[in-house]
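Trainee: The chain contents come next:
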Amino acid sequence: MSIALLLEQILNGLQLGVMLFLMAAGLTLIFGVMGLINLAHGSLYMVGAFACATVAAWTGSFWLGLVASLVAAAAAGAIVEMTVIRRLYDRDHLDQVLATFALILIFSEGTRWVFGSLPLYLNIPDLLRGTIPLPGGGRYQIYRIAIIAVGVAVAVGLWLLIARTRLGMRIRAGESDREMIAALGIDIRTLYTVVFAIGAALAGLAGAMVGALQSVQVGMGEPVLILAFVVIVIGGIGSIKGALVGAVLVGLIDTMGRFLLPRAFSVFMDPSEASLIGSAIASMLIYMFMALVLAFRPRGLFATAK
Amino acid sequence: MTMNRETIVNISLALLLLAIPLIALQLNSPFYVTLATRMAILALAAVGLNLALGLGGMVSFGHAAYFGVGGYVAGILAHHAFSGLPLDFGLFQVPGTNMMPIIWVVAILVSGLLALFIGAISIRTSGVYFIMITLAFAQMTYYFANSWPAYGGEDGLSIFVRNQFPGVNTLRPLTYFFICYAILLAALVLFAAIRDSRFGAALQAARQNEVRVATVGINANRIRLAAFVISGMITGLAGALYADLNRFVSPSMLSWHMSGEFIVLIILGGVARLYGPVAGAMLFVMFEFLLGGMTDRWQFFLGLVLLGVVLLARGGLVGWLAGRARHG
Amino acid sequence: MAEPILDIRQLSKSFGALKATDGVDLDLVPGEIHALIGPNGAGKSTLINQIAGTLRPDTGTIRFLGQVINDLKVPERARLGLGRSFQISSLAPEFSALRNVMLAVQSVQGSSFRFFKPVMRDASLIAPAMEVLERVGLAERARIPVAELSHGERRQLEIAIALALGSRAFLLDEPMAGMGPEGSKTLTGFLDKLREEAPILLVEHDMDAVFALADRITVLVYGRVIASGKVEDIRKDPEVRKAYLGDEQ
Amino acid sequence: MSLLQVSAIEARYGPVQALFGVDLDVSEGEVVALMGRNGMGKTTTIRAILGLTPVSSGTVRFAGREIGTMASHRIARLGIGLVPEGRRCFPNLTVEENLLAAARKGRWSRTAVEELFPRLRERRDQYAHSLSGGEQQMLAIGRALMTNPTLLVLDEATEGLAPVIRHDIWNVIRKLKDEGQSILIVDKTLSELLPAADRCFVLEKGVTVWSGLPGELTPELQDRYLGV
Amino acid sequence: DDIKVGMITTLSGGGAGLGIDARDGFLLALQMAGADNIEVVVEDDGQRPELAVQIADRMIQNDQVNILTGIIFSNLAMAVVPSAVQQDIIYLSNNAGPSALAGAQCHENYFNVAWQNDNLHEAAGSYANEAGYENVFIMAPNYPAGTDALTGFKRFFDGNVVNEIYTQVGQSDYANEISQIRDSGADAVFFFLPGGMGISFMRQYDQSEIDVPVIGPGFSFSQDILAAVGPGALGVINTSQWNKDLDNEANVAFVAAFQEEYGRLPSLYASQAFDTANLIISAAAKADIADLEAFRAALKEADFDSTRGDFRFGNNNHPIQTIYVREVVEEDGVLTNRIIGTALEDHQDAYAADCSME
Ligand SMILES: Nc1ncnc2c1ncn2[C@@H]1O[C@H](COP(=O)(O)OP(=O)(O)OP(=O)(O)O)[C@@H](O)[C@H]1O
Ligand SMILES: Nc1ncnc2c1ncn2[C@@H]1O[C@H](COP(=O)(O)OP(=O)(O)OP(=O)(O)O)[C@@H](O)[C@H]1O
Ligand SMILES: [Mg+2]
Ligand SMILES: [Mg+2]
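If you're matching them up, the sequences are chains A, B, C, D and E in order.
Numbering follows the numbering used here, with no gaps: position 185 of the first sequence is 185.
Numbering follows the numbering used here, with no gaps: position 83 of the second sequence is 83.
Numbering follows the numbering used here, with no gaps: position 195 of the third sequence is 195.
Numbering follows the numbering used here, with no gaps: position 122 of the fourth sequence is 122.
Numbering follows the numbering used here, with no gaps: position 134 of the fifth sequence is 134.
Read the hints as simulated data drawn from the structure, not as lab findings.
Please read all numbers here as calculations on a predicted model, not as lab measurements.
Do not rely on the hints blindly, as some may be mistaken.
As the list claims (entries may be wrong) - Cross-link-like lysine-lysine pairs, in silico, DSBU-like; alpha carbons within 30 Å at most:
| # | chain 1 | residue 1 | chain 2 | residue 2 |
| --- | --- | --- | --- | --- |
| 1 | C | 19 | C | 236 |
| 2 | C | 193 | C | 117 |
| 3 | D | 175 | C | 242 |
| 4 | E | 300 | E | 4 |
| 5 | E | 4 | E | 286 |
| 6 | C | 117 | C | 185 |
| 7 | D | 205 | C | 185 |
| 8 | C | 242 | D | 177 |
| 9 | C | 230 | C | 193 |
Claimed, not checked - Which bits of chain B does chain E cover? Going by a derived footprint, with three or more residues having C-beta under 8 Å, they are:
| # | segment |
| --- | --- |
| 10 | 17-31 |
| 11 | 249-259 |
For each residue, glycine too, the CB sits at the ideal point set by N, CA and C.
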C-alpha cells in the first residue's frame with residue numbers, strides 16, 4: 001500500500017464525511033432545534049438531486065441546476081413544514097416518526113410517478129472536471145475537493161448563524177419553549193418554516209452535488225439518511241459542531257474500514273475469504289462505533305445543554 | 001359484570017380476525033386465510049413492541065432484529081433438520097429440528113438474549129438517542145445476515161416443508177392460522193397481565209417520570225431492561241411463525257422498513273392499548289392488500305392514509321372506537 | 001442531643017469555579033424540623049441533591065442512620081429511608097394520586113418484579129396507600145389523574161409518597177412554594193405533626209412557615225454555613241438579616 | 001383611559017372550562033392586582049390575555065385594539081411583557097442570551113437589567129438550566145423588561161425568592177409604578193401586594209367576584225375570597 | 001385447457017426498469033403470437049421477498065395459476081421458487097439463475113430460460129484470457145450473486161487476480177474502490193454491479209480518469225441503463241447471450257416489434273422474457289397443461305425460435321447456449337452494444353453435474 005493510496009483514502013473519507021455533514025446539519029438543526037425527528041429529510045435530498053438533474057438537462061448548465069436544487073428543496077421543505085410538520089411539534093417522537101415515514105412513501109412514490117423508475121444522470125460541470133495530482137503520485141478528483149470546500153464553508157456559516165446571531169438564539173429558545181418565545185413577541189411559526197427550509201436546502205444541495213457523482217434515482221436518500229442519523233447521534237443532537245465531527249469520523253471510519261479490514265484479514269486467511277469477511281465487518285463498523293460512543297456517552301460527543 | 005367500551009371493542013376485534021379465514025373458506029378464497037395468518041403474526045410482533053414502546057415508552061426502531069432472529073432460528077433449525085447435518089458450534093453440535101414447539105422455545109431464548117445484550121447498552125440512552133441506537137443495532141444484524149454466506153446471505157433461506165406441530169397438519173392453512181391465533185391470544189393475555197401488575201405499574205411510571213420512580217426506590221433501568229427483553233422475546237416468536245408462514249427467511253425481515261412497519265401498526269391501532277397491535281395489523285394488511293390490488297402506486301396512497309391517521313385520528317383505531325385510555 | 005439520623009461533614013461541591021457547597025456541616029436529629037435557609041443561589045437545592053443522591057459531592061461524607069451513603073445511588077438511598085420532595089413537583093402525570101402512592105408502597109414491599117397479580121385488586125397495595133392519602137387529606141382525590149390535580153394537591157401528594165416510603169427522614173425543597181395562604185396553613189399543621197414520625201430538613205423561603213415550624217435553622221450563603229442555631233438567635237443575627245432576611249423583619 | 005379591558009371572557013382547556021366570565025381592566029400607569037385562591041383562574045386569565053389559551057367568548061382589548069383572536073407574538077408586540085408562572089427561562093440559552101433573544105428597544109437594556117439584578121451579571125454566561133430557582137425568577141423578570149412593555153404582567157413573580165430579594169423586587173415594582181409603568185400582578189403575599197396595588201380584582205371559580213380598592217378588601221373579604 | 005400464468009416482477013423501486021422490460025417483452029410475445037389461450041396476471045413485488053412470497057401464495061391459492069414467472073432478482077427467486085415448484089407449479093425463470101437451483105436443488109418443475117448466474121461472468125473470464133490480461137482487479141457486491149460472479153470469473157480466468165473486493169449491496173459511491181484500482185497496477189478491471197450500482201461505478205470511474213480497461217457482464221451495459229452510464233461506457237467490453245444485432249429471424253422480428261410497440265430499444269431482460277413467453281406457447285401447442293408430465297416434456301424440448309438463435313436445455317433445465325462478447329458503441333446518438341466476438345460456445349453451467357435429473 002502506497003502513501004498516495006492512503007492519502008487518497010483519507011480524502012475519500014473526508015469527502016464522504018463532508019457530504020454526510022450537509023445532510024446531518026439540516027437534520028440536526030431541525031431535529032435538535034425544533035425537537036422534530038424528520039425521517040423525510042432524505043426525500044429532500046432526493047428532491048434536490050432531481051431538480052438539479054432536470055434543470056441541468058433542460059438548460060445544459062449544472063450551475064443553474066444547483067440553484068434549482070436549493071430552491072426546489074427549500075420550497076418543498078417550506079410546503080411540507082406548513083402543511084404537515086407544523087402540526088407535529090407538540091407531538092411525541094412516535095407520531096413524528098410515523099408522519100415523516102409516511103412522507104417518505106409519498107415523496108418516493110410521487111417522484112417515481114413524475115420521473116419514472118429509471119435513474120436520471122447529471123454531469124460534473126466542465127469547470128470542476130478532471131483530477132489533480134497528489135503528493136506521492138496519486139490523483140484526486142477536483143469535483144470531490146470542491147465538495148469538501150463547500151461542506152467546510154457551510155459548517156462555518158451555520159455555526160455562526162446558530163451560536164452568534166439573534167436568529168440563532170430565538171431558534172434555540174423556541175426549541176425549549178415555543179409558547180414562551182411566542183409570548184415574548186417572536187413569530188416562531190415563520191421562524192420555524194424558515195429554519196426547516198434552510199435545512200431542506202442543505203439536504204437538496206447535498207443531493208445535487210452527489211447526484212453528479214452517482215445516479216439520481218428514487219430512494220437515493222434513504223441510505224444517506226440513516227448514516228446522517230448515525231452522525232448526529234454520535235455528535236450529539238442539536239450540535240452543529242457535533243454534526244461536523246461526527247460526520248468526519250463516520251466518513252473516515254467507514255472509508256478506512258472498507259479499505260483496510262480486508263487487507264488486515266488477508267494477513268492470516270485466504271484473500272477471497274478475507275475480502276468477504278472484511279467487507280461484512282466493514283459494513284457494520286460505523287454502527288459498532290455508534291453503539292460504543294453511546295455506551296460511554298449516552299448523549300453523544302457534544303451533547304447540548306438541556 | 002358490565003363491560004366497558006374498550007372490552008367490547010377488543011372482543012369484536014378478536015372475533016373479526018377469527019371470522020376472516022372462516023368466511024374465506026366459505027367463499028372458496030383460501031388466500032385470505034394466509035392473509036389473516038399474516039395479520040395475526042404481525043399483530044403478535046407488534047404486541048411485543050407495544051410492551052416496550054407503549055407501556056415502557058421505549059421507542060425501539062429496531063424490533064426487526066428480534067423478528068428476523070426469530071425467523072432465522074426457525075429457518076436454520078429447519079435447514080439442518082432437512083439436510084440432516086447438525087449445527088456445529090465447534091465445541092459441541094446441535095441437531096436441527098422441524099418441531100415447532102422446540103423452534104419457538106429456541107427463538108424466544110435467542111431473541112431474548114439478543115434483546116438483553118442490545119437493551120443493556122441502549123437503555124442507558126433515552127429519547128431520540130434510544131430510537132437511533134436501537135436502529136443501529138438492528139442495522140448491524142441486518143448487514144450481518146446480508147453478508148454472512150452460510151445461510152444464504154441476501155438470498156435468504158428456504159424452509160422447504162413447513163415445520164410440524166405434534167398432532168396437527170400445519171400444512172393446512174387454516175390449522176396454521178389457528179396456531180398463530182392461539183399464540184396471539186396468549187400473548188395478549190400476558191400483555192394485559194403485565195400491564196396491570198406491579199411490574200407494569202413500575203414500567204409505566206418509568207415512562208412518565210423516571211426521576212420519580214428512582215426516588216421511590218425502584219431501579220427504573222432494571223424494570224425497563226426486563227420489559228425490553230420480554231418484548232424482544234414476543235417479537236422473536238412472531239418472527240419464527242412468520243418464517244413458517246412464508247416458508248422462507250431473508251435479511252429483509254431485519255430491515256429498518258420492518259421496524260418502521262411495527263411502529264406503524266401500533267400507532268394505527270393505538271399506542272399502549274391492549275388490542276392496538278391487532279387493530280393496526282388488520283388495518284395495515286388490509287390496506288396493503290386492497291391498495292396493492294388497485295394500483296401500483298399504492299405506497300403513495302398508503303403514505304397519505306398514514307399521514308391522515310397521525311394528523312387527524314390520534315389514539316389510533318382503538319382510541320377512536322373506545323375513547324381515551326384510563327389508568328385507574 | 002439525640003444521636004443524629006443524618007450527619008453531614010465537610011461537604012463540598014463545585015461547578016467549575018463556583019463553589020456551590022463549601023465545607024458544609026449539618027445534622028438532623030429525631031423529632032426535629034431543621035430549616036435550611038439562605039439567599040437564592042446559596043446552594044440549598046444543591047445540598048439536598050447531594051443528600052438525595054442526584055448529585056455527587058466532590059469531598060466530604062454523608063452519613064445516614066450511621067452508614068456512609070456517599071456511594072449509594074438514588075433508589076438505594078430512597079430504600080434506606082431518605083424521602084424527598086422536589087422544588088418543582090415530580091410525579092407520574094397519567095397515574096391517579098392513588099397509583100402514585102401505590103408505586104411507593106410496592107417499592108417498600110420490594111416487589112416490582114411481579115408480573116401477574118393486578119395491582120388494582122391488590123389490597124396489600126391499596127390499603128396502605130389510601131391510609132397515607134387520608135393522612136395528607138387527599139383521600140377524596142385519590143382517583144383523579146395527577147395531571148388534573150392543582151399545584152397544592154401535588155405538593156401534598158409528594159409528601160404522601162415520601163410517607164408511604166416509610167422514610168426515616170424527609171428532605172423537603174420549598175414545599176410551600178406556590179401555595180396560597182390556606183394551603184400553607186394546612187401544610188404547616190401537617191408538617192408540625194410529621195416531625196414526630198421522622199425529622200425534616202426543610203428548605204423554604206416562606207419565613208412565616210419557617211419561624212412557626214423550625215426547631216433549628218441553618219443559614220447558607222455562597223455555599224457556606226454562616227449561622228446555625230435556635231430560631232430566636234438566627235432571627236436576631238445581624239449577618240443573617242443582612243444577607244437574607246432584609247431589614248424590616 | 002383604560003389600557004387593557006377584559007370583558008366577560010370564558011376559556012377552556014380541552015373539555016375543562018376554567019374561566020366562566022372574567023372582567024378586568026388596567027388603566028395606563030396603574031398597578032392592578034389579580035387575586036384568588038389556588039386554581040381559581042388567575043393564570044388562565046393571563047394566558048387568555050396573551051392568546052396562549054384561546055378565548056371562547058367575551059372580548060379582550062388592548063391599547064384600543066381587539067386582541068382576543070390575535071396570535072400570541074402579535075399581542076406581545078403590541079406591548080405586553082409576561083413573567084410567566086413557573087419562570088420558564090430558556091434552559092439551553094445563557095443568561096445573556098435569554099435577555100437578548102426577544103429584546104426590543106427602549107428604556108430597559110441589558111445594562112439596566114443587570115443593574116437591577118447584579119446576580120444576573122455574575123451569571124451572564126451560565127446556561128439558565130443551572131441557575132438556582134431564585135436566579136431564574138430574576139431572569140424571567142429581566143427578560144420581560146427587556147421587551148420594554150407598556151403593560152408588564154407578573155404571575156407569581158416573587159415565588160421562591162429570598163425575603164431580601166423579594167423586598168428588592170417589590171421596590172422595583174414600586175419604582176416602575178412611579179415611572180408610570182402599567183402592571184398587572186398576581187401574587188400570594190398580600191402584605192406586600194396590597195400596598196403596591198392601585199386596584200384589585202378577585203376571582204373565584206373562573207368568575208370575577210369582587211373588585212375595588214386595596215383598602216376596601218377587609219379582613220372578612222380576605223378570609224372569604226382568599227382564605228387568609 | 002387455458003393456461004394461467006402469474007407474472008411476479010419488479011415494477012416499483014430501484015430495480016423497476018428491469019421488471020418493466022421483462023413484462024413488456026413477455027406481453028409482446030403473447031401479442032405477436034395471438035396466444036389467447038394464455039391468460040397472464042402481472043403483479044409488482046416491489047423487490048421485497050416477503051411481498052413476492054405473498055403474491056405467489058395468492059396467485060396459487062386464489063387465482064389458481066399453472067405457471068409462475070417474472071422474478072428479476074435471485075433473492076426473490078429463492079424465496080418463491082422452492083415452495084412453488086413443490087406445489088406442482090411450473091416456474092420459468094426469465095432472469096435470475098441462482099446456483100442453488102441449478103445444482104443439488106434442481107427441480108423438474110423449474111426451468112431457467114435466461115442463464116445460470118455464473119454464465120456471463122465465466123464468459124468474461126474466458127474473454128480476459130483471450131485479450132491477454134494477466135493482472136485483473138475484480139469486484140462485486142457482497143451477496144450470493146456477487147460471490148457467484150467472482151467465482152464464475154475466476155473459474156475461467158487463468159491469470160492473476162491482484163485484488164478481489166466485495167462492496168456493499170446498494171453502495172453508490174466507489175471512490176474507495178477506484179482509489180484501490182488506481183493503485184493496484186492491474187491491466188484490467190472486471191466488475192459485477194447490477195442496476196444503479198453499476199451506473200454509479202462507471203460514471204465515477206470515468207470521472208477519475210483511470211485508463212485501465214473495464215470488462216463486465218452484459219447486465220451492467222444493457223440497453224436500459226446505458227443512457228444513464230453515459231459516454232464513459234463507450235468501448236467497454238461485456239458479455240451476453242443476446243444482443244439486438246444478433247442476426248436471426250426471431251430476433252430481427254422481436255427488435256423491430258419491440259421498438260414499434262414501446263418506442264425504445266429492447267434490453268437483455270426484454271429478450272429473455274420474450275423467449276420465456278415463446279417457450280410457453282411452444283409447449284402449449286404440444287401438450288395440455290392438465291397433463292403436467294407431458295407439459296414438462298414439451299417445455300424441455302425448447303422447441304421455439306429463440307432470439308439468441310440456438311437454445312436448448314441441459315439436464316438441469318438450464319440453458320446450454322453461446323455467449324458473445326459485446327462492445328458499447330454509439331449509433332445515431334444512442335449508446336448501444338455491438339457483438340464483436342464469441343466468448344463461449346454451447347456453454348453449460350458448472351452445477352449441472354450436481355443435479356440428479358436426466
Ligand atoms: N449544574 C450546574 N452548573 C453550574 N452552576 C450550577 C449548577 N447547578 C447549580 N449551579 C449554581 O449553584 C448555585 C446554587 O444553586 P442552588 O440551586 O443550590 O441554589 P438554591 O440555594 O437552591 O437557590 P434557590 O433558593 O433560588 O432555589 C447557583 O448559583 C447556581 O447557579
Ligand atoms: N393545562 C391544564 N389542563 C386542564 N386544566 C387546567 C390546566 N391548567 C389549569 N387548569 C385548571 O384550570 C383552573 C384554573 O387554573 P389556573 O392555573 O388559572 O389557577 P390559578 O388561579 O392561577 O391558581 P394558582 O394560584 O394555583 O396558580 C384550575 O381548576 C386548574 O385545575
Ligand atoms: Mg433551590
Ligand atoms: Mg397560577
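Trainee: To test your reading of the hints: which numbers does this structure violate?
Mentor: 2 and 6
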